[in-house]
Amino acid sequence: DAGITQSPRYKITETGRQVTLMCHQTWSHSYMFWYRQDLGHGLRLIYYSAAADITDKGEVPDGYVVSRSKTENFPLTLESATRSQTSVYFCASSDPGKSTSYEQYFGPGTRLTVT
Amino acid sequence: LAKTTQPISMDSYEGQEVNITCSHNNIATNDYITWYQQFPSQGPRFIIQGYKTKVTNEVASLFIPADRKSSTLSLPRVSLSDTAVYYCLVGFQKLVFGTGTRLLVSP
Numbered sequence: 001d002a003g004i005t006q007s008p009r010y011k012i013t014e015t016g017r018q019v020t021l022m023c024h025q026t027w028s029h030s031y032m033f034w035y036r037q038d039l040g041h042g043l044r045l046i047y048y049s050a051a052a053d054i055t056d057k058g059e060v061p062d063g064y065v066v067s068r069s070k071t072e073n074f075p076l077t078l079e080s081a082t083r084s085q086t087s088v089y090f091c092a093s094s095d096p097g098k099s100t101s102y103e104q105y106f107g108p109g110t111r112l113t114v115t
Numbered sequence: 001l002a003k004t005t006q007p008i009s010m011d012s013y014e015g016q017e018v019n020i021t022c023s024h025n026n027i028a029t030n031d032y033i034t035w036y037q038q039f040p041s042q043g044p045r046f047i048i049q050g051y052k053t054k055v056t057n058e059v060a061s062l063f064i065p066a067d068r069k070s071s072t073l074s075l076p077r078v079s080l081s082d083t084a085v086y087y088c089l090v091g092f093q094k095l096v097f098g099t100g101t102r103l104l105v106s107p
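Residue numbers (the working numbering), protein chains in the order written: chain A, 1 to 115; chain B, 1 to 107.
No lab work stands behind these hints: they were computed from the structure. Please note that a few of the clues may not be correct.
[Unchecked claim] In silico PhoX-like links for lysine-lysine, alpha-carbon gap of 20 Å or less:
no.	chain 1	residue 1	chain 2	residue 2
1	A	K57	A	K70
2	B	K3	A	K57
3	A	K57	B	K94
Sequences are here, hints too, so could you generate the full structure?
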């Protein structure tokens, strides 16, 4: 039971480069989410998806692009990385239709450093 | 999205009961109240969720008054391994994480 995985776990990139963070879940959950967590702060929602081909903005979507062609995958792309995007990125999934709660299951995170 | 306010930090000792209160004055009718726990370098982990009154599971209890403008997470007999950051969130699917409460449990 792999659950929810993220790759890479660590990434260093340069300002202006395009970076894609991958998220994969094996539960066939309908909802998937991307958050960023800056050092010493709480998580902020970037984008979320209610189903394949359905995505919506969260609190801080600027500079990010998402897609969801398959239910199990939800990649996050930084089109032109900036230093302010240095953060830990968490992917999460949930499926309220399969449970009695709206519990989100989080991946292990990707630590991204933009130099 | 409803905003929450909770204490920045709390200290406790092993074996004590810890109560963390969260205020959410602008909670919406269809919002649930959810608590997550986060250890360093890990993603948050679901603890408990409720809509009104009291909810209890194997690790915690959640008390919600009738007006739902606040909630209290109760951790019975904490241990050192309960040292973590605890987040109170209100919402449906789109969640707003505040800064959380940093709980330190000492021997």
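Hints, one by one, checked against the model:
no.	hint	in the structure
1	A:K57 / A:K70	holds (19 Å)
2	B:K3 / A:K57	holds (18 Å)
3	A:K57 / B:K94	holds (10 Å)
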